[in-house]
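Protein chains in written order, with our numbering: chain A, 1 to 278; chain B, 1 to 278; chain C, 1 to 278; chain D, 1 to 278.
Worth flagging that the hints you see were computed from the coordinates, not collected in a lab. Heads up, none of these hints are tricks.
With a straight-line Cα cutoff of 27 Å, these simulated BS3-like cross-link-like pairs (lysine-lysine) come out:
id, chain 1, residue 1, chain 2, residue 2
1, B, Lys72, D, Lys242
2, C, Lys242, D, Lys72
3, D, Lys242, B, Lys242
4, A, Lys242, C, Lys72
5, C, Lys242, A, Lys242
6, A, Lys87, A, Lys72
7, B, Lys242, A, Lys72
8, D, Lys242, C, Lys242
Partial list, computed: chain A residues near chain C (C-beta under 10 Å):
id, residue
9, Pro115
10, Leu119
11, Glu191
12, His192
13, Gln193
14, Ala196
15, Gly208
16, His217
17, Pro222
18, Glu228
19, Arg233
20, Pro259
Cβ coordinates follow ideal geometry from the N, Cα and C atoms, glycine included.
Protein chains: 4
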Amino acid sequence: MPESLAELRRDLAVAYRMVANEGILDAFGHISVRNPNNPQRYFLSRSRAPSLVQAGDILEYDLDSNPIVPPKERPYSERVIHGEIFKARPDVNAVCHHHAPSIMPFAISGAPLLPVFHLGASMGLSAPVWDSRDEFGDTNLLVVKPEEGASLARALGAASIVVMRRHGATVVGGSLRELVFRTIYSAKNAEHQLAAHVLGNVSPLTAGETQMAFEIHRAPGPLARAYEYWVRRLAEREGRSKNDPMLRAAEAAARLPAPAKPASAKAKSGAKKKSRGR
Amino acid sequence: MPESLAELRRDLAVAYRMVANEGILDAFGHISVRNPNNPQRYFLSRSRAPSLVQAGDILEYDLDSNPIVPPKERPYSERVIHGEIFKARPDVNAVCHHHAPSIMPFAISGAPLLPVFHLGASMGLSAPVWDSRDEFGDTNLLVVKPEEGASLARALGAASIVVMRRHGATVVGGSLRELVFRTIYSAKNAEHQLAAHVLGNVSPLTAGETQMAFEIHRAPGPLARAYEYWVRRLAEREGRSKNDPMLRAAEAAARLPAPAKPASAKAKSGAKKKSRGR
Amino acid sequence: MPESLAELRRDLAVAYRMVANEGILDAFGHISVRNPNNPQRYFLSRSRAPSLVQAGDILEYDLDSNPIVPPKERPYSERVIHGEIFKARPDVNAVCHHHAPSIMPFAISGAPLLPVFHLGASMGLSAPVWDSRDEFGDTNLLVVKPEEGASLARALGAASIVVMRRHGATVVGGSLRELVFRTIYSAKNAEHQLAAHVLGNVSPLTAGETQMAFEIHRAPGPLARAYEYWVRRLAEREGRSKNDPMLRAAEAAARLPAPAKPASAKAKSGAKKKSRGR
Amino acid sequence: MPESLAELRRDLAVAYRMVANEGILDAFGHISVRNPNNPQRYFLSRSRAPSLVQAGDILEYDLDSNPIVPPKERPYSERVIHGEIFKARPDVNAVCHHHAPSIMPFAISGAPLLPVFHLGASMGLSAPVWDSRDEFGDTNLLVVKPEEGASLARALGAASIVVMRRHGATVVGGSLRELVFRTIYSAKNAEHQLAAHVLGNVSPLTAGETQMAFEIHRAPGPLARAYEYWVRRLAEREGRSKNDPMLRAAEAAARLPAPAKPASAKAKSGAKKKSRGR
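When you get a sec, could you build the whole thing from the sequences and use the hints?
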């Protein structure tokens, strides 16, 4: 957990660049995080390509998506996606809107995105589909008006991801790390599902499997382990030294202590240790 | 807007390398820009792989595709693509001819390329298809004779992209930046459409949606934001420092001032702000 | 062959990073090697993303997957995959569990993975499929309980790879190098088979072809040649100098002496030389 | 044209690394060139992964694939592919055997590889298919015996590429540069053809188109332009300076003089200039 708003802004900027580095975001798409000190506000970058975002680019908004301080630079016009979801979902503290290549075939065809592997279960039981045409008819497809954002938030409902027809997807999380994990692995799930359609007989997880695998992939172990990996890849891309504070912090956070007793000592103790490591 | 022809040549060379860096061009393909001081002339590199083009490689031609100054080095033989389109389309100031992997399946099968997501709407309502066989029978498929270029220009008509059977595509724009944006996002549109065919039910944008999304993606905000992104990726590939003038200029150009009043302040003002940021 | 356990730990760490560098492992998946001095024990990293694993991360376990020395840091929860396979298969000295993108379509659809090219024959005649549902009903899909690991080992039987429904695959080898080779080329086999399904008429190797091609791809020549290649790619990724000991060792190991007599001198001697080089 | 055998060995090593860098070769596959001073001999690397091959690794063989000087290190066992083709095809001076990912679906399914775009016409009118089973029954699929190589050469016939069932392909050229061009663009042709099958209605070039496009892609202009591009990409991968002699030579070779008279000056002169630049 970040200790200060300055750290939160820096972590948000890292999340932008990290998710971009994994191929989910290109020149477009954006990530927000709710202000932990004031849940009626959230942070979002100025209008900038995700791979370029730095802490200094982060702006603060109220839940009507009005800036707290009049910005000098252009904001994202689609920020109502974030504000309206934060309004509708008090459990959500981070939102990512993107047009990942692996998600697009589902957004274009409307075929249902399904959890097809354990890590993909981080997308939840299903992905509702929102079509801007249903309520708004012909638009430029951007979600700019508050009522458009509210409509999208209603379509999302209690889910973790909503597919936007002919546009992309929006993913939510309880924390920035959970959001990053879910964004990346729901996109991989889409990639694997699409490829499986070439073979036919796409067989998803059951509701029970999905629920259990969903829970385990929000546990600190998997989140920290994956985060250290993505930070390292970003650091390599950015040419950072191995002593870069961003890297050191992720490494330390992923160095979780062993449980008091070995996790898979035989017999009855096995079951309750499932959530550790992988 | 470039301040001088020297800057225009440099910007054109950057466009070659940038579009190549995004995987649209390989050893072949080329980009031209009309001379803003003399619309009867255009600029094009000597015959060279796009990722290697420098400002010093740029030659000037009249609209019959004859060089203004006899070149020392070999020109592209397909330059009539550019000359004949500049003749036929006064609104066009930049042209890119390419064989992007994502476009080729459409060029080979003749299946219609359709705008399937908001950014893909930058390709316009449809992509006419030109088949060299129709007028010229068996050729080596290169567009070398003026009459071949003129035929291609007729097929393009008022569109923004023309697919060339068993060859590739040619894209046009009102400016170099608009061209780069359209070239990259029409190729992504093709990639997404192809993948969606695996799922079936490919559902394109309506004419109304396409028109609105087409317009918004020629606005200064999206063009500058995407351009800064592609320049940065090129600069990283070329090992340039963060103070490289090319980078600094793109960064400054993308730092657009905020609108006088917040873009999504509720109610009636929302609609007219759609074109800002994203 | 490694000369000491210290070398074995280092080689295991290299295997983690090498297989990750080839795109088989991401933040998850793991590789183990049996202790050559004590076949009732094996080595496995602490819970860490494969591309980050160093020799110092390697822990030692007994075949019940209990740590020999209580670890300070979190172990992988799925280590019973390794322990139970080492128990059931005395011929196996190395195990890799992964979720490679090319394997996932087969894990999702259940379509049989077949050896479709000579290098793919390193997967063996067929890939049995294990579905956690069959014995355990709804789970989070992780293989954490000893009985789950034992069930997976039974499904593997005498094969070289077992596909895990909606999860991934586990590959085994007689040595670390054989395992690395088999892991990478069975994943490539899956990639090629999937692509061939687009064309139809997927025609696998016969049993006789598979057996012969399987054998030849465990010979020292192909293993050393491929290992040198993957080490070099890893070294480039990690920015190592050309004099790095890891590189030098792989290069020396791949510099095998020529056979006493040229391998394809005409006529009858040709057949028995098949296993050399390629 | 290389001025000496030392240059030829260096050029051959560059071809290995260049074709590997374009994704056609991995740990396996090999390239040979005929000795221009003695057409009864050819050059081929010792058994080594292509991306690692240096001039010092190149060995010389007679057309029975016996080494001229007993090698200290292990040769490729499949060298009869090269020797037998050089025997059967006096017009061939360079041979590449590979397992490119884009070719494999055709090798697995047996579906015909067809020239589907102008650059792909460098593969020629069609790709004969060789199945080792037809004459030799079950083997390990490697082409090791002279009679196997001779059988493959017969299947190749007068073509430019032969697809090897469940194995890969072998490509031939009149020169090393022509071979490199044909190897890379026939692989791209396969990639585009496969993708077009997703859309259906794969429409290849006519025989007349193929013949004309085949010829133009052996002309010095396109070969030198593409070669400069691939050398530059290799040099970037290998971290070479912009003054590296390999780069300088390719750049100079690609700087071809302009024709005496502009290539597309209108009317009747246009047709005969087709072969220049592109």
